[in-house]
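S.K.: Chains as they are written, first to last, in the numbering used here: chain A, 1 to 113; chain B, 1 to 112.
Where hints are given, some of them may not hold.
Unchecked claim - If you want a taste of the chain A side facing chain B, the calculated C-beta under 10 Å gives, among others:
1) G9
2) L13
3) A17
4) F18
5) L19
6) T20
7) E42
8) G61
9) E63
10) T65
Treat the hints as calculated values from the structure; they're not laboratory data.
Small disclaimer: the values here were computed from a predicted structure and weren't measured.
Note that CB positions come from ideal geometry on N, CA and C, so glycine has one too.
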Amino acid sequence: GDSVTQMEGPVTLSEEAFLTINCTYTATGYPSLFWYVQYPGEGLQLLLKATKADDKGSNKGFEATYRKETTSFHLEKGSVQVSDSAVYFCALKPLTSGSRLTFGEGTQLTVNP
Amino acid sequence: DTAVSQTPKYLVTQMGNDKSIKCEQNLGHDTMYWYKQDSKKFLKIMFSYNNKELIINETVPNRFSPKSPDKAHLNLHINSLELGDSAVYFCASSQGGSHEQFFGPGTRLTVL
Numbered sequence: 001g002d003s004v005t006q007m008e009g010p011v012t013l014s015e016e017a018f019l020t021i022n023c024t025y026t027a028t029g030y031p032s033l034f035w036y037v038q039y040p041g042e043g044l045q046l047l048l049k050a051t052k053a054d055d056k057g058s059n060k061g062f063e064a065t066y067r068k069e070t071t072s073f074h075l076e077k078g079s080v081q082v083s084d085s086a087v088y089f090c091a092l093k094p095l096t097s098g099s100r101l102t103f104g105e106g107t108q109l110t111v112n113p
Numbered sequence: 001d002t003a004v005s006q007t008p009k010y011l012v013t014q015m016g017n018d019k020s021i022k023c024e025q026n027l028g029h030d031t032m033y034w035y036k037q038d039s040k041k042f043l044k045i046m047f048s049y050n051n052k053e054l055i056i057n058e059t060v061p062n063r064f065s066p067k068s069p070d071k072a073h074l075n076l077h078i079n080s081l082e083l084g085d086s087a088v089y090f091c092a093s094s095q096g097g098s099h100e101q102f103f104g105p106g107t108r109l110t111v112l
């Protein structure tokens, strides 16, 4: 079945450090890929998405590129801020699944001043 | 305006009780979901309704029963609560096969 694997957390960085959170997936065909973010005490929000190979999703300084050859969708940000502290979820939606999303396990990010 | 709202935000109850969580969305979406998030933040889909019709029903104990009175509402009723039901329950909605799901703020259920 479809699955998403994220790097284990927690991740702790200093402000202005470079961030990478790895995400790889297993799916039939070409799924759409997403990063969701969950700030403390809140629900998930869509951060960015990519719907086909080589697409780059970007938002709020975060980027992720859909790499079909490595089945990956790693999240990056050049300079993190304290306000980026949250849990980040990688997710996929297969082409034919209707609206079902499969989430990774989430990666807790803490950014210290 | 709140897009997806849930009540209550916190729910503390004893084992064996029956409780309900309500969800409403004002986005005009036709698909709604219930997710369970455990203490390690792992998120698992439980149910999904499209136009009041059940379309996703994961392996969930039959003590959990969703009810969708209309497209804007999806409630979750839980019978005979157990300690393992303690979690944060999230409601979400989307427009059909649209990529983005909009999540509510969550209901933290604690079973004592």
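S.K.: Holds or violated: L13 of chain A as interface residue toward chain B, Cβ cutoff 10 Å?
M.R.: 18 Å, violated
S.K.: Taking the least C-beta to C-beta distance, is L19 of chain A closer than 10 Å to chain B?
M.R.: Hint on L19 of chain A: violated, closest Cβ of chain B at ~18 Å, above 10 Å.
S.K.: At a threshold of 10 Å, is the proposed contact between E63 of chain A and chain B supported by beta-carbon distances?
M.R.: 18 Å, violated
S.K.: Against chain B, with CB atoms and a cut of 10 Å, does the hint on T20 of chain A hold up?
M.R.: T20 of chain A check fails; min Cβ-Cβ to chain B is 19 Å, beyond 10 Å.
S.K.: Double-check G9 of chain A for me: the hint is only fine if its C-beta lies closer than 10 Å to a C-beta in chain B.
M.R.: Given a least distance of 9 Å, the restraint on G9 of chain A holds.
S.K.: Should the hint that T65 of chain A touches chain B count as held when the rule is a Cβ pair under 10 Å?
M.R.: Result: violated, 17 Å to nearest chain B Cβ.
S.K.: Report holds or violated for the interface hint on G61 of chain A, using the least CB-CB distance to chain B and a cut-off of 10 Å.
M.R.: 20 Å, violated
S.K.: A closest beta-carbon separation below 10 Å is what the hint needs, so does E42 of chain A meet it against chain B?
M.R.: At 6 Å from the nearest chain B Cβ, E42 of chain A passes the 10 Å test, so the hint holds.
S.K.: Min Cβ distance, A17 of chain A to chain B: is it shorter than 10 Å?
M.R.: Cβ of A17 of chain A sits 22 Å from chain B, so the hint is violated.
S.K.: Holds or violated: F18 of chain A as interface residue toward chain B, Cβ cutoff 10 Å?
M.R.: 23 Å, violated
Comparing the model with each numbered hint stated earlier shows that hints 2, 3, 4, 5, 6, 8, 9 and 10 do not hold.
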